[in-house]
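Chains as they are written, first to last, in UniProt numbering: chain A, 1 to 318; chain B, 1 to 318.
If you're looking for bench data, these hints aren't it; they were derived computationally from the structure.
Quantities reported herein were computed from a predicted structural model and do not represent experimental measurements.
Please note that a few of the clues may not be correct.
Same chains, same names: a pair is fine if it fits in one copy or spans any two.
Claimed, not checked - In the SDA-like style, the derived pairs of lysine to any residue whose C-alpha atoms are separated by at most 20 Å in a straight line are: (1) K129 with G54; (2) K284 with G158; (3) K129 with L174; (4) K160 with P39; (5) K129 with E313; (6) K129 with F318; (7) K129 with D153; (8) K160 with S42; (9) K109 with A22; (10) K129 with G314; (11) K109 with P205; (12) K129 with V52; (13) K284 with S26; (14) K129 with D53; (15) K284 with Q267; (16) K129 with P96; (17) K129 with E12; (18) K109 with A286; (19) K129 with P24; (20) K284 with F180; (21) K129 with R156.
The chain contents come next:
Number of protein chains: 2
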Amino acid sequence: MNLSQTLADVGEQAVIREITAAAPSSLNGDDAAVLFAAPPNSRTVASTDLMVDGRHFLREWSTPREIGKKAILRNFADIEAMGARPVAALLAIAAPGDTPVSFVRGVAKGIAEHCSFYNAELVGGDITKSDLLVINITAIGFLGGSRAALTLDAARTGQKVVAHGAIGHAAAGLSLLQRFGRDLPAEHADLYPLIDAHCAPWLSPGRGVIARAAEVTAMTDNSDGLIQDCGTMAQRSGVHIDLDADAIQPDPLLHAAAAVLDCDPWQWVLAGGEDHTLIGTTAKQAPSGFREIGTVSRGSGITVDGQRPRYAEGWAGF
Amino acid sequence: MNLSQTLADVGEQAVIREITAAAPSSLNGDDAAVLFAAPPNSRTVASTDLMVDGRHFLREWSTPREIGKKAILRNFADIEAMGARPVAALLAIAAPGDTPVSFVRGVAKGIAEHCSFYNAELVGGDITKSDLLVINITAIGFLGGSRAALTLDAARTGQKVVAHGAIGHAAAGLSLLQRFGRDLPAEHADLYPLIDAHCAPWLSPGRGVIARAAEVTAMTDNSDGLIQDCGTMAQRSGVHIDLDADAIQPDPLLHAAAAVLDCDPWQWVLAGGEDHTLIGTTAKQAPSGFREIGTVSRGSGITVDGQRPRYAEGWAGF
Numbered sequence: 001m002n003l004s005q006t007l008a009d010v011g012e013q014a015v016i017r018e019i020t021a022a023a024p025s026s027l028n029g030d031d032a033a034v035l036f037a038a039p040p041n042s043r044t045v046a047s048t049d050l051m052v053d054g055r056h057f058l059r060e061w062s063t064p065r066e067i068g069k070k071a072i073l074r075n076f077a078d079i080e081a082m083g084a085r086p087v088a089a090l091l092a093i094a095a096p097g098d099t100p101v102s103f104v105r106g107v108a109k110g111i112a113e114h115c116s117f118y119n120a121e122l123v124g125g126d127i128t129k130s131d132l133l134v135i136n137i138t139a140i141g142f143l144g145g146s147r148a149a150l151t152l153d154a155a156r157t158g159q160k161v162v163a164h165g166a167i168g169h170a171a172a173g174l175s176l177l178q179r180f181g182r183d184l185p186a187e188h189a190d191l192y193p194l195i196d197a198h199c200a201p202w203l204s205p206g207r208g209v210i211a212r213a214a215e216v217t218a219m220t221d222n223s224d225g226l227i228q229d230c231g232t233m234a235q236r237s238g239v240h241i242d243l244d245a246d247a248i249q250p251d252p253l254l255h256a257a258a259a260v261l262d263c264d265p266w267q268w269v270l271a272g273g274e275d276h277t278l279i280g281t282t283a284k285q286a287p288s289g290f291r292e293i294g295t296v297s298r299g300s301g302i303t304v305d306g307q308r309p310r311y312a313e314g315w316a317g318f
Numbered sequence: 001m002n003l004s005q006t007l008a009d010v011g012e013q014a015v016i017r018e019i020t021a022a023a024p025s026s027l028n029g030d031d032a033a034v035l036f037a038a039p040p041n042s043r044t045v046a047s048t049d050l051m052v053d054g055r056h057f058l059r060e061w062s063t064p065r066e067i068g069k070k071a072i073l074r075n076f077a078d079i080e081a082m083g084a085r086p087v088a089a090l091l092a093i094a095a096p097g098d099t100p101v102s103f104v105r106g107v108a109k110g111i112a113e114h115c116s117f118y119n120a121e122l123v124g125g126d127i128t129k130s131d132l133l134v135i136n137i138t139a140i141g142f143l144g145g146s147r148a149a150l151t152l153d154a155a156r157t158g159q160k161v162v163a164h165g166a167i168g169h170a171a172a173g174l175s176l177l178q179r180f181g182r183d184l185p186a187e188h189a190d191l192y193p194l195i196d197a198h199c200a201p202w203l204s205p206g207r208g209v210i211a212r213a214a215e216v217t218a219m220t221d222n223s224d225g226l227i228q229d230c231g232t233m234a235q236r237s238g239v240h241i242d243l244d245a246d247a248i249q250p251d252p253l254l255h256a257a258a259a260v261l262d263c264d265p266w267q268w269v270l271a272g273g274e275d276h277t278l279i280g281t282t283a284k285q286a287p288s289g290f291r292e293i294g295t296v297s298r299g300s301g302i303t304v305d306g307q308r309p310r311y312a313e314g315w316a317g318f
C-alpha cells in the first residue's frame, strides 16, 4: 500500500485490514469479540478513555506509534489500578478522510507493541469518518480470585502509601515540548527521557496484580496530578493522606529540566498528571517494584510533610 | 441544576454526577469497573462503536434520550449477534464546552432506559472536551456455556436464513427525516413508526441468546444494509445465500412511505442499514421471534429469488 494514501483513498475495509495486520488477533473480525475463557472465579474489569487530537496528543510531538502505546498504557494503568490483569483492548477511531493510512497503521502498531507486554490483544474496534481525529480505547482485564479489587475507598488509617513509576516526568516532558518542540537542543539531550515519559509513558506490567497479592487495599494511577489523585483517594476513603516530601522530591532529571526552563520542578511532581504511576496503600511492606511515599491517618485531605501542598490543581476536563 | 448550563459552566465532576444520577450503577466510579462475576464457564464478549455528531445522528432530528437509546441498541445488537447476553456498557463522550448539561443527562437517561431492558448497567466512562461531539459506547456481554458463539463464518449449506426485527424501517425513517425533518405533516402521521425506527430502533432483548439455544450457528445484525451484511456472512462462510423476495418484501408501512416520497421501497429493504435486525442461519426451525427469509446453499454471493439484488450498496465508512 502506498504510504501517502489516505483513509478516503482506500476505504473502510482496507483500513481495517491495515489495522488487523498491524495488531493481529484471532479474536477480531466478527460483530463482537469473544474473549478466551477467564480463569475460574474471576471477574471482568473494564475501562474506557478518549484521546482528542490537539488536546491529548499533538501529531507534531508524538509519532503514531507513541500515540498508540500511550493510549494502551493509559487504559491498562486503570485496569492495573484495580489489581487486575489487562487482557484485551478495543480501538475506535473517528478520523478525517484525509488522514494518512500510515497514521492509523502506526497507532495500531503501537497498540500491538504495548499490548504484547501484557500478553493482551487488540480484539475489536470501529472506524468512522469525522472532522476531528478522536481515538477511543476500551481496556478489558480479568480480576482473579475472591479478594477485593483495589478501590479508591479502601485506604485505611495506619497504612503507608506506596508508588510504582516516576512522578512528574510526563509533565516535565510536556513543558519541554512546549518550549522546544520535539527537537531538543543537543545540549539538553540528557532530558530526552522526560519527552519519552510524556509521549510514551511506561509502567512495568503486572504491578497491579503484584500489589493486590501483596495486600495493597486501595490503588489509583497518577493520571490527573499527584495531589488531585491522592486527594480523591483520601476523600473517597474518608482518611488523611500525608506525602513524604523527601520520598517524592524532584529527581536530578526534573531538577535539570527545571534549570533549563527556569521553573519550579515541584509543580510537575504535585500537579502534573499523565505519569500513570500506580499509587496504593498497604499495611504491609511495599510490594516488589513499589517504594513508600507517605502515610494514611485519621482525618481528611492531603498534605506534604504535614503542610498544605504548594501546588494542588490538576488536569481539568472542561 | 439550571437546565441551560453547559459542560464548561459546571465542570467535569458535576457532569459525571449528572450522568451517574441518570444512569446509576454501584459498579461505577473507580479507575475501572469490576463486573459482577459471570456464570461459571462463560466468556466475556465486547464490542465498541462510535457515533459522530452530524454523521450518525443529528441533534435536530433525535432527542438526547433517543441518541442514548440508539447508541446502546447498536452495541447490544452486536453482542446479541454473537448469541451473548449484554451485561454492561461504558460511555465515552468528547463534547464541546458549550454542550448543554441537559444533553448529556438525556443521553445518559436513554442509555439507562435501554440498558434496563437487558438488566445491564452503565458501569463506567470518560468525558473530555472536544471541538466535535463524539459518543463512544463499549458493550460487554457474557456468553454462557461451551457452545460456539454465533459467528459470521458459521453459515452452512442446507440451512435456512432467519431474521428477528423489521428490515428497511430505519432507512425509510431517515428518508422521511431528510424530506420533512422531525415534524411529519399531520396527514402522514401513520408513518411516524418509521421515524422511530431510525431515531430509536428496537429489538426484543435476548433474541441472540434464544437463537443460540435454538441452534442458530451464524448470526449478524443488519447494520450496514441487508445485502451487504448477508453478503459478508456468505463470503466469510464460503456459501451462497438466497433471500426470498416474498419474505422480505416491503411491508405496508414502507409502501406508504414510498408513495409519499415517490421512491422504490426495495432500496430501503436491500440497501438500508441501521435496523439492527438479527439475521441468522440454522438447520432447525426458526427460533421464537424469528421468521424465515432465505436459504443457504453451495456457492458464493447473495441473490434474491435467484437474481442479482436490485440494490446492493450499503453504508460506507469513508
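The hints, checked one at a time:
1. K129 with G54: both (17 Å within a copy, 11 Å between copies)
2. K284 with G158: Within one copy only: 10 Å inside a chain, 64 Å across chains, cut-off 20 Å.
3. K129 with L174: between (29 Å within a copy, 19 Å between copies)
4. K160 with P39: neither (31 Å within a copy, 37 Å between copies)
5. K129 with E313: For K129 and E313, only the inter-copy Cα distance (18 Å) is at most 20 Å; the intra-copy one is 36 Å.
6. K129 with F318: between (25 Å within a copy, 6 Å between copies)
7. K129 with D153: neither (40 Å within a copy, 27 Å between copies)
8. K160 with S42: Close neither inside one copy (28 Å) nor across copies (38 Å); limit 20 Å.
9. K109 with A22: Within one copy, since 5 Å is at most 20 Å while 38 Å is not.
10. K129 with G314: For K129 and G314, only the inter-copy Cα distance (15 Å) is at most 20 Å; the intra-copy one is 32 Å.
11. K109 with P205: Within one copy only: 18 Å inside a chain, 37 Å across chains, cut-off 20 Å.
12. K129 with V52: both (14 Å within a copy, 8 Å between copies)
13. K284 with S26: neither (41 Å within a copy, 29 Å between copies)
14. K129 with D53: Both: 14 Å inside a copy, 11 Å across copies.
15. K284 with Q267: neither (30 Å within a copy, 67 Å between copies)
16. K129 with P96: both (6 Å within a copy, 18 Å between copies)
17. K129 with E12: Intra 9 Å, inter 27 Å, cutoff 20 Å: intra-copy only.
18. K109 with A286: neither (34 Å within a copy, 43 Å between copies)
19. K129 with P24: Result: close neither inside a copy nor across copies, 23 Å intra and 32 Å inter.
20. K284 with F180: Neither: 44 Å inside a chain and 68 Å across chains, both beyond 20 Å.
21. K129 with R156: Result: close neither inside a copy nor across copies, 48 Å intra and 35 Å inter.
Violated hints for the displayed structure, listed by number in ascending order: 4, 7, 8, 13, 15, 18, 19, 20, 21.
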